[in-house]
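Engineer: Take the sequences, apply the hints, and build the full model.
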Amino acid sequence: MHLAGAVQKSAESGLLAWFRVAALGATLLGATTARGQTTSPPTLGAGDFTLTLTRPDGHSLTTDELVVYFSHARCSCPANLTATLAISSDAAAMLTSADTVDAQFMIGNDCDNVQATACTAVGSVVTLSADDTAADTSVPTSAVFNAAASGNCNGATTSTRLWAIVRVGGTRLTTEPSVALTVGGTGPSAPTGVTTVSADEGLVVSWTAASDTSTVQGYQVLCMPGPATPAAPAYDDSCSAAAPDGGAGLDPQFLCSGLIGVGTNSARVHGLTNGSAYQIAVVAIGIDGTPSGPSAAAPGTPAPSVGFGDLYKDSGGTAMGGCAVAGRGSGGVAFGLALAGGLLIARRRRRRRWAGGAAIVLLMAAAAAATRPAAAAIDDGAFPFAAAQQPPPGWNVELRFGPYRPNVDSEFAARGQSVRPYEQVFGSSQHLMMQLEIDRQLSRRAGTWAAGFAFGYYNVTAAALSADLQTRSGDETGLRLIPLSLSLVYRADTLRRRFGSPVVPYAKAGLDCTLWRISDTSQADFSGRTFGWNAAAGVTLDLSPLDPEAAASLKHESGVDQLALFAEVAYFRLDGFGSDSALRVGDTTWFAGLMLEF
1 MHLAGAVQKS AESGLLAWFR VAALGATLLG ATTARGQTTS PPTLGAGDFT LTLTRPDGHS
61 LTTDELVVYF SHARCSCPAN LTATLAISSD AAAMLTSADT VDAQFMIGND CDNVQATACT
121 AVGSVVTLSA DDTAADTSVP TSAVFNAAAS GNCNGATTST RLWAIVRVGG TRLTTEPSVA
181 LTVGGTGPSA PTGVTTVSAD EGLVVSWTAA SDTSTVQGYQ VLCMPGPATP AAPAYDDSCS
241 AAAPDGGAGL DPQFLCSGLI GVGTNSARVH GLTNGSAYQI AVVAIGIDGT PSGPSAAAPG
301 TPAPSVGFGD LYKDSGGTAM GGCAVAGRGS GGVAFGLALA GGLLIARRRR RRRWAGGAAI
361 VLLMAAAAAA TRPAAAAIDD GAFPFAAAQQ PPPGWNVELR FGPYRPNVDS EFAARGQSVR
421 PYEQVFGSSQ HLMMQLEIDR QLSRRAGTWA AGFAFGYYNV TAAALSADLQ TRSGDETGLR
481 LIPLSLSLVY RADTLRRRFG SPVVPYAKAG LDCTLWRISD TSQADFSGRT FGWNAAAGVT
541 LDLSPLDPEA AASLKHESGV DQLALFAEVA YFRLDGFGSD SALRVGDTTW FAGLMLEF
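Yeah, the sequence shown ends on 598 if you go by the numbering used here, and it's all consecutive.
Note that these hints are calculated values from the structure, not bench results. Only true hints are included.
Computed beta-carbon distance windows for the label pairs:
1) T62 - T471: 45 to 55 Å
2) V125 - G47: 19 to 29 Å
3) V114 - G151: 19 to 29 Å
Don't be surprised by glycine CBs; every beta carbon is placed ideally from N, CA and C.
Structural biologist: Following this line, the structure appears as structure tokens:
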């Protein structure tokens with residue numbers, strides 16, 4: 001029994017020892033396996049990396065720009081690009097301090113194939129880690145051209161790729177990051193058909209753009225000899241001494257314009273010398289900063305130009321800037337002077353003329369509001385109908401349009417001179433005058449009486465004349481009018497209210513102050529004011545009978561009592577009340593438009 005028990009205990013002890021050894025072995029094996037998994041490099045692919053090329057100015061080239069960047073022009077203008085390889089944050093998190101990531105940049109079509117032999121290394125090897133997730137190296141554009149086109153700047157267009165051959169722990173990735181390149185393309189095409197027109201100390205340059213401008217960001221003009229103050233180049237200035245496409249060179253000292261956007265095919269250049277001969281060319285700038293070769297050169301010689309103001313004065317015109325009024329003792333003139341004083345105060349220190357008109361509108365509205373009760377009282381007692389049947393005084397607003405031609409030349413005709421400076425510069429055609437008139441109704445005694453204020457806008461421009469006064473120059477000249485007027489208005493609308501007539505005649509008369517400005521691109525503007533008076537007669541056509549239901553709805557919803565068309569004949573005597581120093585800007589014309597009564 002004792003012997004059997006001892007044998008059994010010995011067997012149990014041996015079995016227990018065996019289990020302990022097996023458990024220890026399993027633990028050691030598991031630990032060894034775990035350590036092997038930790039030190040094994042992660043599996044990465046091309047999608048875990050980003051490869052970019054950056055210009056010297058810091059701009060990263062887009063996919064579209066890489067199609068045109070390595071053009072013939074760029075081959076003649078070498079630059080150093082920066083190739084940057086970056087690993088994504090998710091991939092970097094998989095790396096340990098023991099993992100090494102290095103990459104070699106190569107040019108070729110199939111460098112991801114370990115068997116490829118036609119790939120050329122460019123730049124230097126870069127190293128990344130979990131802490132340094134991006135690295136870069138310099139890649140000369142000449143190295144790209146040498147690898148893809150054997151350095152032939154005028155060779156055929158070739159498609160290739162820039163690769164980053166990445167190794168993680170010494171093992172190449174199964175897929176490698178890359179970007180597509182087009183090498184040897186034509187790049188932006190130079191403009192054609194360059195022409196010049198003489199201007200004062202400058203030229204107006206025009207050209208024909210290439211049919212495809214999808215890769216062009218604009219143009220620059222070159223002048224030889226160069227201007228005293230050249231413009232900054234919009235293209236990569238590493239091309240400054242090159243001669244792409246056999247052109248005359250793109251040295252920035254010859255640039256006489258800034259960047260001119262696509263869609264604009266002409267520009268006026270400044271800073272040239274009158275009487276000096278220039279050769280003018282235009283260069284196209286690619287969206288990546290690559291320039292085309294210069295266009296064929298066109299000759300041009302700047303020369304003084306004669307604008308309308310110059311021709312007016314040279315012809316003996318006596319108008320002066322500022323105010324010009326004759327007959328100072330008349331009451332009408334005094335009223336005109338008072339109006340001018342208010343306008344001058346309203347627009348003081350303001351270059352534009354709209355402030356004066358706005359001030360007059362506000363003054364009239366305030367005066368009308370203050371006099372409204374009195375006007376209503378007069379109407380109620382004077383009008384032969386019951387007061388309840390008559391609407392209270394309201395407002396009339398007119399949008400007015402008509403042909404206009406200021407009679408500037410009448411000054412010379414009155415003196416028996418044959419010169420006609422306005423007609424010589426702007427022609428004999430009329431141009432559009434636009435006006436807005438606001439009338440405040442004051443009384444309904446045998447019709448409607450109102451005080452009206454109107455302001456308008458008229459502008460005419462033309463190319464200035466050359467010194468021979470026959471041909472046109474590249475400068476522009478113009479005459480702008482802003483007429484302001486106060487008028488007394490009578491409308492015989494008793495015909496409409498009593499008899500239902502849709503046609504209502506009316507008449508106006510008032511005083512005017514017209515602000516004028518003569519402009520010239522080569523000289524300072526010349527401006528002043530001309531006072532005078534106006535008279536007009538016309539008819540309105542009430543539109544309510546065409547659709548009474550719509551007219552009633554309009555009145556209910558917006559307060560418009562009447563919507564009417566109108567036409568009138570107008571006479572403007574704008575000569576400073578006979579002043580010899582006023583620019584004559586009057587006319588006899590007609591206006592038509594839309595009237596709203598509130």
